[in-house]
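**Student:** Here is how the chains run, residue by residue.
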Amino acid sequence: SAVISQKPSRDICQRGTSLTIQCQVDSQVTMMFWYRQQPGQSLTLIATANQGSEATYESGFVIDKFPISRPNLTFSTLTVSNMSPEDSSIYLCSVQQGSNQPQHFGDGTRLSIL
Amino acid sequence: GQQLNQSPQSMFIQEGEDVSMNCTSSSIFNTWLWYKQEPGEGPVLLIALYKAGELTSNGRLTAQFGITRKDSFLNISASIPSDVGIYFCAGVASGAGSYQLTFGKGTKLSVIP
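As given, the protein sequences belong to chains A and B, one line each in that order.
The opening position of the first sequence corresponds to residue 1 in the working numbering, with each subsequent residue numbered one higher.
The opening position of the second sequence corresponds to residue 1 in the working numbering, with each subsequent residue numbered one higher.
Keep in mind that the hints are not guaranteed to be accurate.
With a straight-line Cα cutoff of 25 Å, these simulated DMTMM-like cross-link-like pairs (lysine to aspartate or glutamate) come out [to be verified]: (1) K108/B with D26/A; (2) K7/A with E17/B; (3) K108/B with E38/B; (4) K105/B with D107/A; (5) K105/B with D87/A.
Rather than coming from a laboratory, the hints here were simulated on the basis of the structure.
Just so it is clear, the structure is predicted and the values come from calculations on it, not from any experiment.
Next comes chain B alone, as it looks inside the complex (with noise of 0.2 Å):
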């Protein structure tokens, strides 16, 4: 199946600091999607990227869906303790099923306050 590698596996910052983290494939995806998952709860969606160079922002957290259509970084401006979690993005590879989501295996924030 499709493979999503995603990186770095962790990050310990300081509050305040800003963060990127990326996800990379050897295959085209078509969507891209940022989840938040906290401890005892399902992953929250942040953002949703459908268009190959497109650039989205929801507050502090911005995401991009790469040109090549393989890769997407997300980043966090001037984090927050509130921001620790695991982040994992999302796809849905070209020529798969509009529901067929491949996960990453996802980033663990740490913010120092």
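Only chain A is shown next, with the shape it has when bound in the complex (with noise of 0.2 Å):
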């Protein structure tokens, strides 16, 4: 399967700020996903991140609090934006090759804010 490098792992940030994360993938992949997992809890998912158009957001999710982009097949990029201590969790991309695959993760960003 593919190797999914996230960046960065983990990160303490500042109530107010924005975060982006990447995710890259080593070969060309169909669809890349985001997710977050809140402390002990399942996953979630955000958006599916569309390459060279708007990401689809799952409800509750929004383009202006969690804007993503995918300018091309091994790249996604998720901001965290406005961050507030709600939003202290793990934030997993996740990659599919096609349509009877399943999807496989990166190792998450542990994001904790103050």
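From the two separate chains plus the hints, produce the assembled complex.
**Tutor:** Shown next, in the form of structure tokens:
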């Protein structure tokens, strides 16, 4: 399966600031996704990162708060904007190489907001 | 949205014991996936199931896609300390996009040496 690299692996940020998380894949993939995993919880899909167009957001998530870019088939970014302590979570990138293939995950970005 | 009921929520077992966990849904799923997540890492795919009734093994792990397409189980035989982690089931519901994964809440496994 593809090798997925996420940066940074963790960060501690001040409230009101923004952080951009990068996801790099070592091969071209059809689909890229961003998930949030709150402490001790399961994974919740934030959005699908669409190559060359605006991301598709799930209910409860909006572009102003979580802008996403996907300039090509191997790279995507997620920005967490105007952070508050409630945004403290693990943010995970996943990729899917075809419609009948499973998703594979990066190691996540552990974000704490003070 | 779709919901998956995963049980048990946590397990404490002795090394060498077998483990069983399952996921159920009120809706039909086309795909069932089982992942393991260890501290500081992302979920790692263990087994993928695509057909009702399918039984698939990966070493000491065995998973089955329920015949009704509304459930799946994961068994771990002869557990060892490195089996510790959180196991998540995930599925693609019938009628959903092929990428639209729904996750269970996870089963936290602790193995006592």
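**Student:** For a quick check of understanding: which of the numbered hints are violated here, in increasing order?
**Tutor:** Those not satisfied are hints 1 and 2.
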